[in-house]
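Student: Spelled out, the chains give:
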Amino acid sequence: MTLDERLQNVAVIGAAGKMGSGIAVLIAQEMAKLKLKPENNDKIYRLNLIDVSEKALDGMRLYMKTQLLKVAEKSTVTLRGIYEGREDLVENAEIINAFVDDSYALLNFTTDIKVTKDAHLVFEAIFENEEIKIKVLKTLRELVNEDTLFMTNTSSIPISYLDEKAGLGGRIIGYHFYNPPVIQRLVEVIAAKATTDELKDVAQELGKKLRKTLVSSSDISGFIGNGHFSRDGLYALNEVERLKDKYEYHGSIYIMNKISQDFLVRPMGIFQLIDYVGIDIIECLLRVMRTHLDDESLTSSLIDKMANNKILGGQYSSGAQKDGFLKYEKNRPVGVYNIEGGKYFSFDDEWRKNIDNDLGILPEGYSPWRTLLSDAKKQDKLKAHFNNLKKMNTWGAKLALSYLKKTKEVALKLLSDGVATSADEVNAILTNGFYWLYGPINDYI
Amino acid sequence: MSFFRKKIYATAGFNTISLGSGRKEFHPKKPRPGIEHYIKEAGLGSIDQINKPENIDEGVIGNFMAERFCRQGNLGGFFPMVHPTFQYKPCIRVEGACDSGGLALVTAIKTILADLADVVLCIGFEIQNSVKAIYGADYLAGAGWYSGERKKGHAYFFPDQFSQRAGACFEKFGKERIRAGMAQWYVNAIENARKNPKAQEYHNRNSDLMSTGLTPPNPKVFCEHINVFDCSKVSDGASAMMFTSEEGLKKIGVDGKDAVEAVAYAQIQDNLTTPPPDLTKLSTCEIAAKHAYQRAGIKSKDLSVLDVHDCFSIAGLLAVEAAGFADHGEGADFVKEGNTKVSGQIPTNTTGGLIGYGHPTGASGVRQAVDIVHQLLGKAGDCQVKIDSNRPYGMMSSMGGNDKTVVAMIFEKLE
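Top to bottom, those sequences are chains A and B. Its first residue numbered 286, the first sequence is counted upward by one per residue in my numbering. Its first residue numbered 303, the second sequence is counted upward by one per residue in my numbering.
In short, the hints are calculated from the structure, not lab data. All of these numbers come straight from a predicted model, not from anything done at the bench. Just so it is clear, CB atoms sit at the ideal spot from N, CA and C, and this is done for glycine as well. Careful, some of the hints might be misleading.
Stated by the list, open to error - Calculated cross-link-like contacts (lysine-lysine; reagent style PhoX-like; alpha-carbon spacing at most 25 Å):
#	chain 1	residue 1	chain 2	residue 2
1	B	Lys434	A	Lys359
2	B	Lys681	B	Lys559
3	B	Lys477	A	Lys322
4	B	Lys603	B	Lys592
As the list claims (entries may be wrong) - With the Cβ distance kept under 10 Å, some of the chain B side facing chain A (calculated, not the full set):
#	residue
5	Tyr390
6	Ser513
7	Lys522
With these hints in hand, go ahead and build the complete structure from the sequences.
Tutor: Written as structure tokens, this is what we have:
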């Protein structure tokens, strides 16, 4: 069966979630483009969007409309060609609306997992909990045909483990989209020991169709992306525990966030990233990795405490950022949480000035991430930035260099552990999936 | 023997800021001023420069597509809102696509020549940021022939029309040569706009404009032969100016030193339902310039300043040829060599043009005239160029559609 044939009937499980809904948008537009080819006119295309929550599916209907509209507005040049034969569609607006309607018509929103029975390709994007994932995959195995292929969006559970527990016989591959899937170019591909060659080919071909950058990772819990992110985050969390006696929790979190965002020129600070991913998701991720890698160091009491207190970060269905380690207004951090006092401290208050004073200034010629992003000479400027950092004798520079060093060590360990097979792979994940301007394996340190 | 049967003066020019991407105060999701604001700001900006607004006889409003961008017709009805003394005075709205402003100038002059008015206030405006560019492209495509061209046309209809012109020029005269001229046009536009506080590109701080100008086109999301930097801006803005008779100038209490003479114009209309005869030429613009020179009794070398309709960088190059400053196919080299820079042989689009100042379509023709008049009066601020006493003329040439509706107008500095 070709990929195009598989795309006639597809199911997304956990479709109303953050990842599932993004995957649904990507697949829906490809299916619509196939359906609109004259030779496919009489074929039926169906994208089954399955979730346990009827309420979430309701929200998803609106989300799909909005997203498909955005997609159509961005690809109108191509769409005019696709609708060339439709004399009644003349203006861009008419063509855009037709594409939204045609894509939307393929969708079947349901809580009934049984509709999956005719699917040729199934995306699993449910919550990162291995017991539930295994249970659902088992149910699906019994429903679907023998040649149905599975792609799981797990970001940490070994694929071979899922394959064996669910008895899929190699019909599953890790296909880890980054958040949000509609925007993020990166997909981490993880083959299980038994993954079939056919599925590996489908994975590659689909990546090309979706214009994604595919990076392969070995089937070791956390893979490359979370393998790096979890330890990078833990370093910051442990630093907070070390600094908190002097600067308290809120001050220490502020320090590590600032060091990572400004001194290390990242798109966002580490605690903003943790909030973005979701503190509950990270708690889960650490638990999975701890179990599968049998490594007790993969734990953070601060994360556990935050999760217990139900301060979780993540996003509202509108996409707005929820409060977590940091407090947000219009998606910008405006304060920071202190777990001991159970309250947020505003960035506007005096405490921050003293800390900024202790950290010291940023190196001369510093440009923030956003400015460098579109700068043709960014590599030279980054080199100069880190060179200047090394010459400085401030506390901030020292903290930054230790963090830079740790980040590199984490990446090198992924290589020596066989999670990645080359430095390029690790660097590609961090630059494509996390939008770093430089890979963690570099000559800066 | 002068072309007009009596003397026509232009005075009290005013441009609003051209608002849109590039301006620091612009945010696509925040509320912005509407039609009422723009007509009023431009109208009052002009009125503030005269003594007796009650003696303004009529109004002309130039606008292209308020019906679609703002869902508003009957635009003449906004004229009495500008000033209490305008109530029950005549006002007419004119439309000729991106040359609507040019037609507004012409309409004002005709009314005065017909002895129906001594003072006419021209206001041109457009609001385009009300919709995303992909839908704005539909509205602007109305400048082309809808039933004959739109269906087979590109998503970005007009950019593609001029991309085709660029492609034809690449083929005929060499891609590198033309491309270099287009990029230089972009560089000049931004450099001039940086001196014009009202320009949309006033805040542009790009340190390598030439590289930006040379950005390779991406046909998958835009056009085949041009990039977005070759295009004029999506803009909200308005411009206003008064035309008067000799008597009219006295009536509104304006000193002769604050006015220039409009000595001739040519308004040329090509058939919208036929393709351009030669993609490598702006044939209609060329005829308009020739007629205007002839009527003014001057030659291109008598101009000290020029303002052309650079809706796209390639249109800028071809417009300089059409105005008689370079031979067919030589416009790119002429621009590349710096001849159109403010320090060059013929300072062109000294305030940024449609690419640097912006292109609020219905305002553009008026804006061009305002800027030429300001140059001749020595009121162009940081954009001021030298007006040679042997060459006391300036010309604006504005264009609607793909070289379909053209106005060329020549102004002369008074002794």
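Student: So which hints don't hold here, by number, going up?
Tutor: Of the numbered hints, 3 and 5 do not hold.
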